[in-house]
Structures are given as structure tokens and as C-alpha cells.
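Visitor: Listed here are the chains, written in short residue letters.
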Amino acid sequence: MLRYILSRLGQSLILLLIVSFIGFAVLTLAPGGPLSQFALSPGMTQEQIDKITEQMGLNRPLWVQYIDWFTHMITGDWGTSYRDGQPVLHVIGSHLFATLLLMGTATTLSVSIGSSIGILSAIRRGSLFDTTMTVAAMIALSIPTFWFGLIAIYIFSLNLGWLPAGNMYNIGDQSVLDYLRHLILPASVLALVDVAIWSRYMRTSTLNVIHQDFVRTARAKGLSSRRVLLKHIVGNSLVPMITLAGLQVPMVLGGALVTETVFTWPGMGRLFLDSLGYSDYPVVMGLLMASALLVLIGNLAADLLIAQIDPRVRLD
Amino acid sequence: MTSAPLTSPARRPVIQSRALRRFLSHRLALIGVIMVLSLTLACFIGPHLLPYDELHIDLRARFAPPGTGGHIFGTDPLGRDIAARLFHAGQISMAVGFAVMIIATAFGSVVGVISGYYGGRVSAVLMRIVDAFLSFPSVFLLLALAAFIQPSPVMIALIISATSWMEVARIVEAEVKSLRNQDFVQAAHMLGLSGRWIMFRELLPNAIGPIIVAASLTVARAILLEAYISFLGYGIQPPLPSWGNMLNGAQQYLASAPWLAIVPGVAITIAVTGFNFIGDGLRDAFDSRSGGR
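So the sequences go chain by chain: A and B. Terminal number for the first sequence in the UniProt record's numbering: 316, no gaps in between. Terminal number for the second sequence in the UniProt record's numbering: 293, no gaps in between.
Don't take each hint at face value.
Said to hold, decoys possible - Some chain B residues close to chain A (C-beta under 10 Å, calculated; not the full set):
id : residue
1  : Leu41
2  : Ala42
3  : Phe44
4  : Glu54
5  : Ser138
6  : Gly195
7  : Phe231
8  : Leu232
9  : Pro258
10 : Ala271
By construction, these hints were calculated from the structure, which means they are not laboratory data. Yeah, the Cβ is synthetic: ideal placement off N, Cα and C, and Gly gets one too.
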């Protein structure tokens, strides 16, 4: 097991290195570059721009800049925001909770609802329910998340007045109930796509398990079909879902960004857009790296967890 | 050593008649084709049938609700006809979708076939790059790229392609790896054909099924991504309409003019659903294993 953990950890580090190349290349080589925010300021002379270039170390060879940036990054110095001079890690950290809360709630919703639909579809394969859910899942996958958010606001906030249209809490009222009320709409909107994906995968996974010998044995032993379903089928078909949960992290994170913009949710996605608007490159870069880091950690955690549960994986 | 004479390579014709038949008997796929075709026709013929063109500004007719004054889908905050804009936007959004499909599929296929054919270190490096690109949430990467470029439709198509080629690369790599040791490839080696010939004339055509499936799903994905970034203001720029940028600003008029938000969103959903249905049908058609599902 230790060997597996080490090799998996090594792979993640190599991936992180390549990810950092891509992130650095995107922001450095892009036309405009970090200086474009100064070039447009009135009264800027070429001399001043040269001076800033030198101060920021932008006249050094690219690989020197990269190594400099990378060593700072792994020691926890992600630079300071151009906008308010705060350390980037601090800025990101203060928006992390909101995003993780949104993602966590949405994932809990989608896993429980999606898995239930998937299991029911599998055991009633070919039924009206199964067919309806297949089509519904494909339509759900095709609806743009942000547009679904707008429609949800239109129906549930503007017309019915049941739920708030945005933000994370009301000023002056930050009770748990208040958070929950604000959380319901964005979390449900974000969960929609994922419910579709989970139900599809869970259906396939359940179908794979249903026909295996141990299920037949359990039935032959005379266990009730309810007991077979709950103890033997569901447990085993959930195992591959752990990998899926890891692989879904980038999608949920991307979806969170879009959802946050529609619901003015103060998370990383909102921060990312604001920082882009201000050409706040250190924060943009930091968020790009932080999101990739979250994805890598998610995949790694899923792989290690599944290796713990299913010994066959370790031998691979 | 006696061996069976080398039979002619088991190359399947590009469009297998069996696959075509299976596709045509797939009800959802046909619905998908009908959805996409009717939307395409509407977008290209529609503008000629409408009394207004998409740039005609009429400030007296601002926020006209659907069905009034000859505006079937109503008007926008500048009094422009939404139907006319919707159809023009559709031409652009779908063109971007198809451009991304071609660019991303071509690039992904080349990466995949090279990686699958050479294997070993080449494959390890290329596939780690694929993994690294997949580690970024594509919306983040796309927005970071979009913020730094001149947002013309061509550039938008290019950057969406830059975040959409990885799936195809993975699929083609796996397919080519499994084909690499088959008789017809060995035969091609013995005939002294160049690596390039074997990769692009022998291996790639045999992987065409999964490539077509991935391509149809790429169109759907590209239309969604274009809508996202244009909605956020980093994609196709006005006055050029796209389904995404028609939604930009719709949120502030949600209470007074909901049709601004509803109409383009429905168009996007129809287009994306159509391509997803087609992709699903193609997958079943090419994959004989899933035939009994």
C-alpha cells in the first residue's frame, strides 16, 4: 500500500509541475501581459513602464521568471494582489469556504439523488421510469448551468418569492437558517448536471454488479431481495463511484464558477471574474493554480480511498 | 513456421452500413438530427422571412413582449428584434461549435495517434500533458485565455479548442494502442510503409467510430462553453450576436422582460440536446457491445 501511495503521489507532483508550466505560459505569453494595465494609464511614459518592468523582474529571461515564481509558490508566497496589496493566498483563502460550501452541498445532493435514480433505473431496466430518466439526464446535461440559474431565480425568487435571488446571507442576519435559505437555489442549480451524470454511471455500475455471482449466491441463500439490494448490490456498485467523484471535481468547480456569477455567491469563481476584470494577474494565476491543485487533491484522495477499499487496484 | 496467409487488412469502411442502420433505428438520435436540422434551417432561412433585420434599432419599441408589433420573440432593451438576433446568433454559435469540433478533433486525433503508435516515453509525456490540461476546470482556463485575446469568433473557436482536445486524444490513444499489434499493422510494417503512413492511413481510419462520437459531443460542449464565456462578456462581442452574449445583461431585466433570458437559453438547450442525442446514437451505432442495452 505504501508503495502505491508513493507512486501515486509522485505522479501527482509531476502533473502539478506540468500544470504550473501551462498556467505560467498562459499568463506570461498572452498578448497584453502583466504590463497592459499600466500602458493605458494616462501620463505613463515609456521610461516609467521600463522602470516597472525592471521592478517586477519582467525583463529577465522567461525560465528565470518561471523558476523564481515556482520556488516562491511552493514556499507559500503566491505574490500580492495588484488590487489591494493583500497576499494572494490570503485573498483566495477568504473565498475558499464559500466555494467549498456550495460544492459540498451540491455534491451531497447530486450523489444521493443521482445514485437513487441510477439504482432504480438499473433494477427496473427498460421500464418507463428508466427511459424517462435516460432522456431527462441527457436534457439536464444540455441545459447551460447559468441559464438554468436565471430561470430558477425568475421562478422561485421573482415570481414565487420563496428564496433569495443571490448572496450568501442577509446583512444583520447570519443565522444557519439564513445561510441555508441562500444556499438552496445555487446548490440545486449546480447539482442538476451532476445528478444526471451520477444517475447514468450508477445505473451502469449497478447493472454490472447485478449479474455477478455473489449476487446470485446471496439470492440463492434465500436472502430477501431488499436485503440483497441494500447490502450486496448498492455497496458494491458505489465503489467505482469514488473514482467518478474524483474525476468530477473539475466539472463541479467549473460549474461553481458559473453558478457563483449568477447568484453573486462570494466564492472563488466570483473572485476569479473580478480579478480578470481588474487584470489582477497574481490572483488570476493563483486561482488557476489553486483550482488545479484542488482537482489533483480530489483525484489523489479518490484513488487512495479506492485502493483502501478495493485491493485489486493496488496490484495494478 | 506455418501461418495462415495474411488476409487483407480488416479495415472497416468509414461508414459501416450496419452502424448506419443502427443509428437510424435509434429513436433519440433521429430526434437529435431533427432538432439540429430544424434549428440550422431556422437560423439560415429565418432572417429572410422576418420583417426586421438584427441591427435595426427602434427605441420606441423597446421591451416589446413576444408576439407584439410583428416581433415574434419580442424586442431587447434597444428595440431590436430578438428573433432576427437569435437566428443570426445561431449561425455564429453553431459555426463556432463546428469550428471547434474540427480543430479539437483534428488536434486531439494527431496527439492520440502519435502517442498510441510510439507508446513508451512519447506516450508518457503526451498523456501527462493531456492529464495536466484536464486538471484545470475548463471554464477557468478558458476565461483566463479569453481575457487576453482579441475576442473575434476565430480566436474564440481557437481557445475553446485549446480546452476541448483532450478527450479525443485519450480516446484515440486507447484505440490505437489496441490496434497497434494487429495483423494488418504488422503487415504494413513488413511492407516497409513509413510510420506516418501507418499512423494516418492504417490506424486512424480504424479508430474513426470513437472519433466521430467524440466529435459530435464536442460540438455540444463547444456551444455550451461559447455561451458561458459570451454570457460573462469575454466571448463573442456585440454588435455581433451570439446565443451567449444575448443572455449577457438579461439578468437585470429578469423581472420586467423575462423573454430576454428565456428565448436564447431555449435555443442553446435545443442545440446542445440535439448534438448530445446524436452523439449517444452514434455511440450505440458504433459500439456493438452496447447494442443490447
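Visitor: The structure should be examined with respect to each hint, and the outcome stated for every one.
Guide: Here is how each hint holds up against the structure:
1. Leu41: This interface hint is violated because 20 Å lies over the 10 Å limit.
2. Ala42: violated, 18 Å
3. Phe44: violated, 22 Å
4. Glu54: Cβ of Glu54 of chain B sits 21 Å from chain A, so the hint is violated.
5. Ser138: At about 6 Å, which falls below the 10 Å cut-off, the nearest Cβ of chain A leaves the hint on Ser138 of chain B intact, so it holds.
6. Gly195: With Cβ-Cβ at 26 Å, over 10 Å, it is violated.
7. Phe231: holds, 6 Å
8. Leu232: It holds, given that the least Cβ distance between Leu232 of chain B and chain A is near 6 Å, below 10 Å.
9. Pro258: For Pro258 of chain B, the interface hint holds, since the closest Cβ of chain A sits about 6 Å away, which is under 10 Å.
10. Ala271: holds, 8 Å
In the structure shown, a violation is registered for the earlier hints numbered 1, 2, 3, 4 and 6, in ascending order.
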